[in-house]
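Throw the hints in and build the complete structure from the sequences for me.
Below are the chains, spelled out letter by letter.
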Amino acid sequence: MTDRFKSSIIEALSNQNLTGALGRFSEAYRISRQKAYEGINFEELRQTIARIKGDAASRQKELVSEFKIKAEARGAKVFVTNNPQAVKEYILDVATKNNVRSIVKSKSMASEEIHLNEALKSKGMDVQETDLGEWIIQLAGQRPSHMVLPAIHMTKEEVADLFSKEVNERLTSDIPRLVKTARKQLREKFLNADMGISGANIAIAETGSIVLLTNEGNARLVTTLPKIHIAIIGIEKLVPKVSDIVPIIKALPRSATGQLITSYVSVISGDTPNIDGDKKEIHFILMDNRRSEMAQDGVFKQALQCIRCASCLNVCPVFRLVGGHVFGDVYTGGIGTILTAWFGELKRSKDIQSLCIQCGNCKEVCPAKIDIPELILEIRKRLIEQEGLSFTQKAIFKIVNNRKLFHRMLRMASLAQKPFEKDGYIRHLPMFLSGLADFRSLPAISDTPFRDKIKSISQPQSTKTVVFYGGCLIDFAYPHIGESVVKVLNKAGYKVLFPEGQTCCGAPARYSGDYDTARQNAIDNIDALLSENSDYIISACPTCTAALKKEFLELLKGSMYEQKALILSHKSWDLSSFITRLKSNGELVLDKTNTPQTITYHDSCHLKRTLNVFDEPRQLLREKGYEIKEMFESDMCCGMGGSYSIKFPEISKPILTKKLKNITDTGAKAVVMDCPGCVMQIKGGLDKLNSDIKVYHTVELL
Amino acid sequence: MIEQFKAKAQAVSAEVWEFDTKQQALEFVKDFVKKENVNNAPVVWALGKIFTKDEILSVMPSVVTDVNKDIASTAHIGITEMDYGIAETGTLVQNSTDVAQRLASSLPLIHIAIIKENNILKDMQTVLDILNPKDIGYLAFITGPSRTADIERVLTIGVHGPERLIILVLKGEV
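Chains Y and L, in that order, are what the protein sequence lines are. No gaps in the numbering here: position 248 of the first sequence is 248 in the working numbering, and each next residue is one more. No gaps in the numbering here: position 51 of the second sequence is 753 in the working numbering, and each next residue is one more.
Hints are supplied without guarantee of correctness; some may be wrong.
What the hints assert, rightly or not - Here are some, though not all, of the chain L residues that point toward chain Y, as calculated from beta-carbon distances under 7 Å:
1) 771
2) 773
3) 862
Claimed, not checked - Far from chain L, some chain Y residues (derived; all Cβ distances over 12 Å):
4) 170
5) 350
6) 527
7) 581
8) 654
Stated by the list, open to error - Below, in silico cross-link-like pairs of lysine to any residue (SDA-like), each with a Cα-Cα straight-line distance of 25 Å or less:
9) Y:658 with Y:155
10) Y:241 with L:837
11) L:824 with Y:44
12) Y:189 with L:859
13) Y:180 with L:734
14) L:771 with Y:658
15) L:836 with Y:72
16) Y:180 with L:859
Treat the hints as calculated values from the structure; they're not laboratory data. These figures come from a predicted structure and were not determined experimentally. Backbone N, C-alpha and C fix where the C-beta goes; we use that ideal spot for every residue, glycine too.
Shown next, in the form of structure tokens:
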């Protein structure tokens, strides 16, 4: 990680305007988005969009030529190029030929992607952004901090200062007055501009038209008042048919700002007169800039389905803290990381891809059904293929890959930590490691790992067996969670088996892009877990369960182990789902607790979004007699993200702080969750706060 | 359909009025202009399919129906006749290939949009089946007045387009 990147993160995190505004927006956004989608089958809608745009990506070449033919037949000039430089030259050429002095622009990410404004200005042309947020940014000489809300990081006072300078008059920070000022200033520019430049939200191949969505009405003026209109269109904006725009227009405003539709939607084709009645000069530039290469890539092709709503930014626990500036480029957030890796080059995404905590929020809301977290992992994987693992990572995974050595080291650590440990926590670490424990205490490594403990538990001699997959945290830090698992399964008449050969589930390696290690972990675990002849394999860690159920299969596709991975997947259960099944089978009856109390439940990322389990643990807890008081954003990440909290403690900490506040605000005396990683993060955080709120894994209360 | 259209349009700050006759609508416009027009700024009316030039001028002789950029940019009120409405979102739809329609509806501070109740349709797809972009140079969908939330996310009405959108619905078979 470069120092510059690290310091840009620190800078963003300490910018109260930015984190305050983004945080408030992101919290309000989830609610307004949900409201906007009321009565709409979101799953169906996004499948339709994914199908339309996925199909368009497969037929890119064909659509480009169809658009060109249709648009030209209607009088537009169409320029197709792969080269960003050629786009700039083309526009400069049109401008020069027509003596263009002043240009008004409506928002176009494609133009920002190629740094068009600088090129035009260097030729002495006056270029005005007219979207209010973009104009503010232009006046401030900054870069947008958000794809849809470019100036969200600025206060009204800062905007008043900027506008005051522009109009040579002291303005107050009254927002409606500021907006009026912008209207007046830019109206002059609109009326006198020689050329209008726009982007396109959608382009329709069968009619040679573009579709523009705006709220301010600036695109209507940009495309109406100047005699020349140039639209820069990324070729991924093409769809085949007119009817294809309907689902996109339905989703884009809802996902972007929680609106049912933007104030203005304009569908523009070549046969349009200009203000004095002559035929208007319209140029459509179809820009490739590696988009066709992306369409050929089996994995990244789906990123072309993006409709640029920025909902992946709005729901991201990391983006709402750091904003867009740390991304260092035009496209920001989850999808921006992917686009930067392509439209720029892979290594440009090296730092920013590491910001992803893999919580899966973006995948859940993406209206184009893009698996953003998976694509970011793919970037990691390719970066490692290109540049190799860092020395430390290599050393760590070498150990993790050697089960016996790994486990021996963990046992040694339990001794080495002694000087720092108190009541099962490590609250301070020496020097260079201190950042890891300054906002949350870490659990001490247990003296006796679960793999040893289970040998001394006397279990019923039953023919009904369950294989328990412990996972590192339960095995070495929280063996008591494992003991609770055994207890409840014993109660249902099952004997719990713990094959010794089981090892790390490979998630840390996989999340770091080291697929070779992850694959070896998968094979070791398959061998170990299938060595016992049992129908069920249970894990009390959602990340591990996701590995057993889904990721091993992905990792081993096409290998000799694929069949075994499939068997393992079918046998694997997360704890809450399995207990729910035992209950409905009548194999287990849950007694009411003796200490009923109000608790709150935290949804762990991988349980909620990867395994789609959220109701089961709540039902179980209610049945035990606990009352659940829901917290705000119960399914927002706690900031743990495995090794993420070690790599970015400065980001992990404020995410955790938010979570702890939401927990505390419920007034509940205990917080319950299904993931030992979350337990570690939340328990450690509450311990640092000296809070008396108890933290439990669901199984501990069963 | 009209009720849904009205509710959705009002939800995004459009003002909706209903009339039984064309004459009533014209009288409303006349009174509105009298009340709202400031400094005797020109009132522009881009002619459409509902009212003839004579019908308009007989009630409001000073209205300008020959709309160009210069006059529209000084007008306070712009009037256009819309082709369709969309009930689902409270949207107005117009074939705006004729530049006058765009000038009258985008430059003045107040936009009065007239629409027939019978032309309010269910959703966007239904409208696109009739107004297909293959035959239309500039197809415009307008929903509420111009808006922004670009400064501190505070919703502010009237940035580059009109700050008031007044929709006059002509009922029944008018």
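Here is what the structure says about each hint:
1. Hint status for residue 771 (chain L) relative to chain Y: holds, with the closest Cβ pair at about 5 Å, below 7 Å.
2. A least Cβ separation of about 12 Å between residue 773 (chain L) and chain Y goes past the 7 Å threshold, and the interface hint is therefore violated.
3. A distance limit of 7 Å between C-beta atoms decides the matter here; for residue 862 (chain L) the minimum to chain Y is near 4 Å, and the interface restraint holds.
4. Every beta carbon of chain L lies more than 12 Å from that of residue 170 (chain Y), the smallest distance being close to 17 Å; the non-interface claim holds.
5. No Cβ of chain L comes within 12 Å of the Cβ of residue 350 (chain Y); the nearest lies about 32 Å off, and the non-interface call holds.
6. At the 12 Å boundary, the C-beta of residue 527 (chain Y) stays outside the reach of chain L, the nearest C-beta of that chain being 55 Å off.
7. Once the 12 Å rule is applied to beta carbons, residue 581 (chain Y) is consistent with being away from chain L; the minimum gap is 43 Å.
8. Distance to chain L confirms residue 654 (chain Y) as a non-interface residue, since its nearest Cβ pair spans about 20 Å, more than 12 Å.
9. The suggested pairing of residue 658 (chain Y) with residue 155 (chain Y) holds, with an alpha-carbon distance near 23 Å, which does not exceed 25 Å.
10. About 14 Å separates the Cα atoms of residue 241 (chain Y) and residue 837 (chain L), which keeps this hinted pair within 25 Å; it holds.
11. For the given pair, residue 824 (chain L) sits about 20 Å from residue 44 (chain Y) by alpha-carbon distance, which is consistent with the 25 Å threshold.
12. With a C-alpha separation of about 20 Å, the suggested pair residue 189 (chain Y) and residue 859 (chain L) falls inside the 25 Å cut-off, and the hint holds.
13. Proposed proximity of residue 180 (chain Y) and residue 734 (chain L) is supported: the alpha carbons are some 23 Å apart, at most 25 Å.
14. Our distance criterion of 25 Å between C-alpha atoms is broken by residue 771 (chain L) and residue 658 (chain Y), whose separation comes to about 53 Å.
15. Note on residue 836 (chain L) and residue 72 (chain Y): the hinted pairing holds, with a Cα-Cα distance of about 13 Å set against a maximum of 25 Å.
16. Among the hinted pairs, residue 180 (chain Y) with residue 859 (chain L) is consistent with the structure: their alpha-carbon atoms are about 10 Å apart, no more than 25 Å.
In this structure, the earlier hints numbered 2 and 14 are contradicted, and the remaining ones agree with it.
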